[in-house]
Amino acid sequence: MKQFLLRRLLLLVPTLLGAVSLVFVLIHLIPGDPVEVMLGETATAADKEALRQSLGFDRPLATQYRSFLINLAAGDLGRSLYEPATVVQIIRARLPATLQLAFCAMIAAILISFPLGTMAAIRRGSWIDRSALTFSLLGLSLPNFWLGPLLMIVFSIHLGWTPVSGRGGLSHLILPAFTLGLGMAAILVRILRASLLQVIDQDYVQTARAKGLQESRVWLKHVLRNAMLSVITIMSLQFGGLLAGSLITETIFSWPGIGRLTVQAIQTRDYPLVQGCVLVIATSYVLVNFITDLLYKLVDPRISYGD
Amino acid sequence: MATKVWFYAGVALLILLAASSLLAPLLAPHDPLHQSLDKDLLGYSSDHPLGTDKLGRDILSRTIYGGRISLLTGIATVLISLAIGVAAGSLSGYLGGWLDLLLMRLVDILMAFPGILLAIALTAVLGPGLNHVILALCLIGWTGYARLVRGEILSLREREFVQAARGLGAAPRRIIFLHLIPNLLPPLLIQATFGLAAAIVAEGSLSFLGLGVEPPTPSWGSMLNDGRQFLLVAPHLTTYPGLALMFTVLALNIVGDTLQERLQTRIR
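Heads up: the protein sequence lines correspond to chains F and Y, in order.
Under our numbering, the first residue of the first sequence carries the number 1, and numbering increases by one thereafter.
Under our numbering, the first residue of the second sequence carries the number 1001, and numbering increases by one thereafter.
Don't read these hints as lab results, they were simulated from the structure.
No experiment lies behind these values; they were computed from the predicted model shown.
Every residue, glycine too, gets a C-beta built ideally from N, C-alpha and C.
Certain hints may be false.
[Unchecked claim] Residues on chain Y that point at chain F, a partial pick, calculated with CB under 10 Å:
{"no.": "1", "residue": "Leu-1023"}
{"no.": "2", "residue": "Leu-1041"}
{"no.": "3", "residue": "Leu-1042"}
{"no.": "4", "residue": "Ile-1109"}
{"no.": "5", "residue": "Val-1162"}
{"no.": "6", "residue": "Arg-1166"}
{"no.": "7", "residue": "Ile-1181"}
{"no.": "8", "residue": "Pro-1182"}
{"no.": "9", "residue": "Val-1201"}
{"no.": "10", "residue": "Asn-1225"}
{"no.": "11", "residue": "Ile-1254"}
{"no.": "12", "residue": "Asp-1257"}
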C-alpha cells in the first residue's frame, strides 16, 4: 500500500504542476496587451503601468512563473481587480455554497439512480428496465442550461412550489441540485444496472441462493455490496465534474458559489480572479480523482495499477 | 427490434438536421438577423410559426440557422480532434519511448481539467467567436482519441499481421496507416459520435455563457441565454432551441449506444 501511495503521489505531482502551469499560461494568452484588455482602452497610462507592475507583467516570463509558484505555495493567488479583497478571501467566501450544492446534487443523483438502477437489474428486460434506460438516455441528452430554465418555468413560475433563484433554505436547493445532479443520476443508473447484472451471475450469488438465503438478503449482502465498487468510483469521479458543472447551474439559479463567481469574473475581465477560480476547481478535480484511486485500492486490495 | 427502430429514428433525425442546416436559406421563412422591434415577443402566428424574440426576430428561422452553428462546431471539432488524436496516439503507441512519455503526460495534464472548465477559461481569455470555440474544444477533444488509439495500437502492434508486415520490411508509416488505423475505425467512429454530441453541448454551454458565437449570429445556446430573461412572459423563447439541442444530442447518443452495443457483440 505504501508503495502504491508513493507511486500515485509521484504521478500526482507532474499532473498538478502541469495544471498549475496551464492556468499560469492562460492569462498570457490574452490577445494584445492583457492590461489594456482588463482595464479597457479608456484607462490612463499611469493606471495601466500600476496594474502591469502589480501583476508582474513588467518582468521576464520565467521570473513571473517563479513568483507565481512561490506565491501559490504560500496560498497567495493575488488580488481581485475590482473587489477590495484577495482572490483567496473571495473564493473562500463562495466555496461553501458550491460544496453545499454539489453535495445536494450528489444526494439527488443517488436518490434517483439507486432505486431505478436496482429495479432495472432485478426486473431485467421489463418495462421498468426499459424506462430506466430511457431515463438514463434522456438525462444524458438534456443539457443543464436548458433543463434549469425548464424546471424554473414549471416549478417556480407556473406551480410556484420553489423559489426562482438565490440561496436560502432547502426549497432554494431543490431545483439547482436536481439540475446539476441529473447527468450524474443518468450515468449512475447505467453503471449500477450493469454492475448488478455482472455480479448477479457470479458463483457466490448462486451459492448464497442455494444455501437457502432470503432473496432480499442475497441482494443486500452479496449483490449490492459487490456491485458498489464501480459505482463508488464513478460517484467520486463525477463529484469533480459537478464542481465544473456548477458554472452553468449556479449562473442559471443565481447561486452565489464559485461557479457563478467564475462567470462573473469572466464578464468583468477580472483575470486574476478567473485564474484563481479555475485553479481551485481544477485542483479539486485532480485531488478528488487521486482520493478515489486511493479509496479504490483500500476497498479492493487486488487493484495494482502495475505496482 | 426496438433498438433497431431507435437507431434508425436517430439516424433519420440527424439526416433531417443536416439537411435543414444545409438548406437553411431555403427553409427558413425569414432572415434570422432581421429585426422588427414592433413585432417583439410575439406568440405563434402563420407568419411566425414559433413566434419572435425580444428584437422581433423569427424564432423558427433562428432555430434552423442555429443548427448550422451547432453542426459546424461539432463536425469541425471532431474532425480536427480526430486528426490530432490519431496522429499523436499512433506515434505514441507505435514508437513508444520518450515521445510516448511526453505525449501521455500532456494528455494526463489536459485530462486533469474538467473539459468544459478549460474550454470556458480559454474562450474567456481568447474572446468569444466560433474559431476560438473550436480551438478550445479541440484542445480538450484530441486527448480522448489519442488515449484510445494509443491503447489499441499497443495491443495490436504485437499481433501476427503487424509482425508479418514488419518482417516484410514495411515502414512504420505504412504499418500505421495501412494495417493499424483501419482496425481502429469502429471504436473511433463510436467515440466520434459521442464526441460530436459533447462538442454540440459544449458549444451550447459556451454560447449560453456569452463566450460562443458573437451576436447577432443565432446559436441554440445563445438563444437559450437570451430567452432566459423572458421566462415569465415568453417561455417559448427557450423551448424550441432547447428541444432542437436535446433531440440532436439524443439522436447522437442513441446512434453511439447502438454502434457500441454492436461492436461489443462482435468482439464477444
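Structure-based check of all given hints:
1. Leu-1023: Violated, about 25 Å.
2. Leu-1041: Violated. Min distance 15 Å.
3. Leu-1042: 19 Å, violated
4. Ile-1109: For Ile-1109(Y), the interface hint holds, since the closest Cβ of chain F sits about 3 Å away, which is under 10 Å.
5. Val-1162: 24 Å, violated
6. Arg-1166: 26 Å, violated
7. Ile-1181: Because about 27 Å separates Ile-1181(Y) from the closest Cβ in chain F, which is outside the 10 Å limit, the hint is violated.
8. Pro-1182: 30 Å, violated
9. Val-1201: 5 Å, holds
10. Asn-1225: 8 Å, holds
11. Ile-1254: 7 Å, holds
12. Asp-1257: It holds, given that the least Cβ distance between Asp-1257(Y) and chain F is near 7 Å, below 10 Å.
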